[in-house]
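Please put together the full structure from these sequences, using the hints given.
First to last, the protein sequences are chains G and H.
The numbering of the first sequence is the numbering used here, which starts it at 1 and goes up by one.
The numbering of the second sequence is the numbering used here, which starts it at 1 and goes up by one.
Each statement offered as a hint is correct.
Lysine-lysine pairs mimicking DSS-like chemistry, simulated, CA-CA at most 25 Å apart:
hint, chain 1, residue 1, chain 2, residue 2
1, G, K355, H, K57
2, G, K412, G, K383
3, G, K350, G, K296
4, G, K279, H, K57
5, G, K279, G, K195
6, G, K296, G, K279
7, G, K195, G, K130
8, G, K119, G, K355
9, G, K296, H, K57
A short list of chain G residues far from chain H (calculated; beta carbon distances all over 12 Å):
hint, residue
10, F135
11, S457
12, T467
13, S534
Please keep in mind that the hints were generated in silico from the structure rather than gathered at the bench.
The structure presented is a predicted model; accordingly, all values stated were derived computationally and were not measured.
Beta carbons are placed, not taken as given, at the ideal position from N, Cα and C, and that holds for glycine.
If you want the building blocks of each chain, they are given just below.
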Amino acid sequence: MKGLKWPVLLVAASLTAFSCSSEKEKSEIAPEEQNIIIRAVKYVNDDQVSTINSDGSSESSDKLTASTRNAYSTVNTSFGSTEGNKLDIRNGAEFDYTVDFEASRSGLKASINASGSLKAADVAMDSNKKFRLVFMQEGNSTPIYNAELNSGQNPNLKVAANKKYNWYAFSINGSGSVPNIDGSGNIAASALSNKDFMFASGSFTAQKNENYLDILFIRQMAAIDLTLNTRGIFGGITDNSTFSIGTGTSSSFNNLIKTGIFNIFNASFSNLEDAAALKGSEMTPVDSRWGNAEKKGRFYTANTSATVSANNLRVRLNSLNITLDDNNTRTFAANTVVPISHSSTLSFTKGTLSKTNVRLIESGVTVGGLVWARTNLIYESSKLYGSSYNQGSSDAYRFRPNNNYAYPNVNKEYWNFGASTPTGTDYQKVDECRRVYPEGTWRLPNEQDNGEMTALSQNTNRSTSVTSVADGYRHSMIWKGTQAVNSAYPDNDLILSAYGFRNSNGSVQSIPSASSTGNGLLIYRSNQYFQSNSTTSILYCTDSSGSFGSTSIQRRAYSEGDPIRCVRNVVNN
Amino acid sequence: MMELKMKTKLVYIAPRVTAQEVELEQGIAAGSANINTGSDGQTPKEREYETGWSNGKDFDI
Chain G
1 MKGLKWPVLL
11 VAASLTAFSC
21 SSEKEKSEIA
31 PEEQNIIIRA
41 VKYVNDDQVS
51 TINSDGSSES
61 SDKLTASTRN
71 AYSTVNTSFG
81 STEGNKLDIR
91 NGAEFDYTVD
101 FEASRSGLKA
111 SINASGSLKA
121 ADVAMDSNKK
131 FRLVFMQEGN
141 STPIYNAELN
151 SGQNPNLKVA
161 ANKKYNWYAF
171 SINGSGSVPN
181 IDGSGNIAAS
191 ALSNKDFMFA
201 SGSFTAQKNE
211 NYLDILFIRQ
221 MAAIDLTLNT
231 RGIFGGITDN
241 STFSIGTGTS
251 SSFNNLIKTG
261 IFNIFNASFS
271 NLEDAAALKG
281 SEMTPVDSRW
291 GNAEKKGRFY
301 TANTSATVSA
311 NNLRVRLNSL
321 NITLDDNNTR
331 TFAANTVVPI
341 SHSSTLSFTK
351 GTLSKTNVRL
361 IESGVTVGGL
371 VWARTNLIYE
381 SSKLYGSSYN
391 QGSSDAYRFR
401 PNNNYAYPNV
411 NKEYWNFGAS
421 TPTGTDYQKV
431 DECRRVYPEG
441 TWRLPNEQDN
451 GEMTALSQNT
461 NRSTSVTSVA
471 DGYRHSMIWK
481 GTQAVNSAYP
491 DNDLILSAYG
501 FRNSNGSVQS
511 IPSASSTGNG
521 LLIYRSNQYF
531 QSNSTTSILY
541 CTDSSGSFGS
551 TSIQRRAYSE
561 GDPIRCVRNV
571 VNN
Chain H
1 MMELKMKTKL
11 VYIAPRVTAQ
21 EVELEQGIAA
31 GSANINTGSD
41 GQTPKEREYE
51 TGWSNGKDFD
61 I
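See below:
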């Protein structure tokens with residue numbers, strides 16, 4: 001026994017004396033910590049998956065798998081061939097990963113499964129997005145690592161080899177801070193309200209050298225894009241407007257947009273609650289030309305088991321305000337419910353993006369069964385959005401915000417007959433009312449076929465008024481509207497005023513607006529015209545100090561500019 | 001006794017130990033150097049949305 005002790009002691013002594021620098025390094029080796037790499041490359045093991053090439057042809061899964069394998073073998077070769085310089089090897093490996101990543105990225109386009117249905121593509125997370133990575137050693141409930149990372153950031157995480165770990169990664173797909181978990185692994189419902197919440201998890205036994213997570217985030221909510229178009233109500237959506245999606249009625253509304261507590265250990269939501277409504281400020285303009293008059297916003301719901309039977313989906317305009325051409329704000333009735341038409345049951349499957357488009361169109365006033373526009377047609381050349389009119393891409397033809405004015409703009413509101421602009425000479429070519437967005441919704445009063453102007457002329461259920469307005473006096477005939485009153489609009493009756501006409505010299509005639517006692521003419525165009533003498537049929541009435549004569553249908557020249565009041569061609573709802 | 005001790009120190013067992021150290025040095029290089037895998041190598045992926053339903057409505061208001 002004594003003879004054996006000495007050599008052991010001697011070995012220890014010689015180590016101390018012989019290799020001081022190595023001793024220091026060895027103390028770092030001892031835990032056998034391993035690096036964790038969040039690698040972009042994703043294994044695709046699904047035999048059913050084919051890759052779609054840009055030319056539309058598909059490849060078998062073999063090719064994708066083969067290219068992945070090739071990438072790995074390249075890495076391995078690098079390690080083997082340059083074993084003498086390990087730090088350089090790492091650089092070599094890094095380069096290979098980069099190349100491999102790019103190759104895989106171009107190959108991992110949208111793919112289809114065997115049944116032919118589209119399968120979502122897996123794409124790289126944007127580099128400006130953040131996510132949270134949580135690491136736990138199996139059997140422990142306290143994370144050994146919990147940190148926010150930018151996409152592409154090295155976690156600089158080392159773990160002990162041969163131990164089993166569970167990891168959890170989640171993101172709200174933004175560049176701001178990522179919510180955290182509490183001690184039970186729960187993320188608060190409020191932190192996930194209307195957020196693009198993504199989650200991934202996995203477990204592995206740490207191996208020596210690198211370990212790869214291959215994080216693939218899966219959406220945990222169903223998304224619904226709402227596009228709200230207010231071009232047909234002639235104003236832009238204000239930032240403080242709010243919207244919801246659900247079922248039911250204005251007073252008994254079931255919000256389908258939910259948030260909930262998400263537990264990372266069982267990867268599911270619980271305690272669902274209504275998410276906040278979508279604000280106008282959270283929506284983005286679809287087209288810069290009309291800006292806030294068409295905005296799109298995305299709802300996210302954790303209520304992914306919900307279904308909606310046919311025609312029961314509702315968009316609720318909790319608060320809709322629009323900014324009119326005169327910069328005033330029009331506020332519509334709170335919680336107006338828009339019923340959406342859909343022939344089949346809708347589901348809100350996790351990871352799906354659905355779309356609802358709503359176009360709001362200004363309602364009219366009903367007189368004698370015909371729906372009339374509330375205000376006169378004007379031409380706003382600044383909203384033509386181009387050098388010439390293009391269907392769907394113009395807001396130049398529109399209705400005035402209200403009837404409270406004495407003097408129309410001579411160049412915007414007095415229309416030659418059938419011309420593309422008020423002063424245009426391309427006569428009998430264009431029904432200007434049909435160009436009001438959305439095109440085809442409105443039209444000129446049809447005197448030719450339906451005698452609509454004659455019917456109005458003969459409708460004596462009307463009153464007259466002389467009203468003091470900001471720029472003078474408005475002399476009007478008023479037909480009672482029989483439709484439901486909409487308090488958002490200043491008038492719910494058909495108000496036609498004596499604005500005279502524009503003669504061929506470009507000056508307005510017969511306008512009584514300077515005083516309450518002036519004389520003038522009430523003239524409105526119809527669609528009827530006579531080519532033989534280039535005249536059209538108009539509604540005509542004399543006004544003497546607010547005392548109106550009998551209305552009649554008369555003829556006026558194409559080249560005379562007259563006010564136009566459109567009627568509905570299509571009634572929705 | 002002191003002389004004996006000095007003699008045993010001169011018995012060269014140390015070279016064997018050094019050979020073991022080469023093995024360990026390999027471990028150092030693989031496990032403790034910083035990993036600079038670059039941004040792409042550390043980039044997670046996300047699965048894009050699948051297309052759901054789509055509908056629309058013109059609504060008079």
